[in-house]
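Asks: Full structure from sequences and hints, please.
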Amino acid sequence: MTDKNGFFDLSKTSFTRRTALKGLAAGAGLAVAPGFVRYSQAQSSAPIKIGFQSHRTGIGAAYGRWYEKTTAAAVKAINDAGGINGRPVEVIIEDDGTDPGRGAEVVGKFATQHKTDIVYGTLFSHVVIGSAPAAGEAKIPYFVVSEGHHVASTKLNRYVFQPGITDVKSQIQSMAPWIAANAGKKVTQIFPDFAFGYDHRDYLPPALKAQGAEVIAQIAIPPTESSFTKYFPQIPAETEVIYHVMVGPAVLTFVKELGEFYGSNRPQLFGFIDSLEATDINSPGLEFLDGSHFWEGSPRYAQPDDSPAQKAYRAAVGIDDNGAAVGDPKDVSTAAHMFGCWETLYVVKKAMEDAGYKGPEDRTKLVEATEALTEFAEGPEHPQGPKTFNGKIHQCFGIQNISKVEGGRLNVVHKTKIEDGLYEPEGDYTTQAL
Amino acid sequence: MHFGPHLLLAALEGLVTSAVLALTALGLSLVFGVMRVVNVAHGEFFMLGAVLAWAISTAISDHPALGFLAALVLAPLIVGLIALVAERLVLRRLNYNPEATIVATIGMLYIIQQLALTFYGPEARPVEAPFSYRILLPWFGYSGYKLSIIAASAFLLIATWLVLTRTKIGLVMRATQYDRETAQAFGIPVERVYAGVFAFGAMLAAVAAVLIVPISQAHYLMGQDPLLLSFIVVIIGGLGSLRGTVVAAVLIGLSDGIISVFFSPTLAKIIATLLVAMVLVFRPQGLFGTSSR
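Residue numbers (the working numbering), protein chains in the order written: chain W, 1 to 434; chain Z, 1001 to 1293.
Since the hints were made in silico from the structure, they are not lab data.
Each residue gets a CB set at the ideal place from its N, CA and C atoms; glycine is no exception.
What you were told as hints is all true, and nothing was included just to trick you.
Restraint-style ranges between C-beta atoms, simulated for each label pair: (1) W:Q211 to Z:T1266: 29 to 37 Å; (2) W:P236 to Z:T1273: 28 to 36 Å; (3) W:G263 to Z:I1158: 29 to 37 Å; (4) W:A181 to Z:L1066: 46 to 54 Å; (5) Z:T1273 to W:K155: 32 to 40 Å; (6) Z:I1060 to W:E424: 54 to 62 Å; (7) W:G86 to Z:L1089: 55 to 63 Å.
Covered stretches of chain W, going by a simulated chain Z footprint (3 or more residues, C-beta under 8 Å): (8) 58–70; (9) 275–285.
Replies: The structure is reproduced here in structure tokens:
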């Protein structure tokens, strides 16, 4: 092929060395101009900028969309009530494609380009693990809403916090007694083959063993898998309970195929609602789930004993009594997780107020103020329930809900206590240098 | 589970994979065989088929079977039209140059994928199966719809084979494949044949996607796996050979099903890729391909 238009002919370019040098000089001049950057941030009425690392595309897209809705609702509520330290909150969203590599780039972009005060909002554990080093390097506080145990394991760094949602290790520990007592003693686990799934793989067997039950098989499935029947023969026949937790775009296929495989003649099912998050439990083919149990961080369906705070939160986010978007019953939310966004933003508000936070120069103060927090009372700021916070491991602890599928909805049948989920800290972030 | 039923399940799963794979790979193989164009965007035509199936079956929501049947007819037609436009606007301008078309179809891959992301969104959306009969075997249950995919695919493959071997269109296509310049000298409108083949190849991928979407949901990234597997099948079967493509699809599908049931899905992929390497080393023209003249 000939290069008719001369696109590739370098001799024709009008971009000379001299113009390049001029451009460089002008850019450098702008960068060192006194107060060019600092001026705008010194103003006390300038907004507090929160960089939201959102799973807008990729396998976490359904979560990303609802995390954005919840964040928008929480920020509106915070701004309507006067903002943080009298300053409005502004959220800047960047898509990470649910990809760890891009996640780290996004954190870097927030720190150096958008110059946000904090980074916030990540869910998928591999993205959190991939992005945390970038946050530590940029020394920018990174508030995740991820559910994984990686923050509490103290294997990340001092700038990473998870104050709005409990971690898998704590969830499993508090629910294991219920599973052993009510569902069965011989458990087969099905989990996604990446960091979040490994938390389930590693912490369920010891938690069940303590209750006299045992895990007899563990089946790891890649999170991008689209067909599942081929994995089901690995489930041993003597299984009494299938403990399932799946993520990704194919969760509906996963439960449907489980139903086709077993029909009504199935073992007990105990699932993390992740296997059905953003999916209607009344979809055709899911009838076999009737009578099975799910973990829920926050209940999808409105419950009779919902607190006024829970009702107000649901109305603010815009979900109806079935946990779907108001006006679109097919748009089912990720209710079990997204409350964490709301609560995390209120923790950030509290910590920024405690620290007298003024701008990025106060980031270390913000870290210390967050570490000093110990308790979050149930209320409009924490509608899911009361929580305690361990500043040494940057992790909150709260209650868990176990819900039963009955008559096409999820009814909460058991709530755990905060103490059920406490464990010995595995380390101490506060000993790390800031 | 005992060995017998276990093997049965593995074979069933493998046959479903084969059925879809054979259709998709056949499209890729035809386009390469006739046009000598490596269509990297083939998986995106597959994805478009699934996404359109969702759109059509949602628009016609009276009865799932009605919506699905409409999708089965309309989605491939629309995808064929899109492929026709792409062929006119891109491939023809490049004069079907093998290197240039690879780069161009990589570009098409991203454009189609991002357009789907923009207009369809990042969610995975289900399409209801036309019927939901569950076949109850003594050891496990199996979806009746999945079995019907195998039948539908076999029917479509036979129809394609008849068109290629028994009709004038097929004759013209084979003539163009055999020797483009001589065909042109005999008055065959080669460019129109190319356009038709490219559209037909995309339609085969779209049909495969419509068949599979009730069991695997429509998602904007779903074109990647079929593309990879299709390449594997086409290389093993021999480029441009219908028989080779079908045999290789059944081979890869069954081995994928059986190996992933008994061992692990990752091992199945490893073995398929190894097979490709072996074929490339010992029989570069593929199992059923004829060596280039």
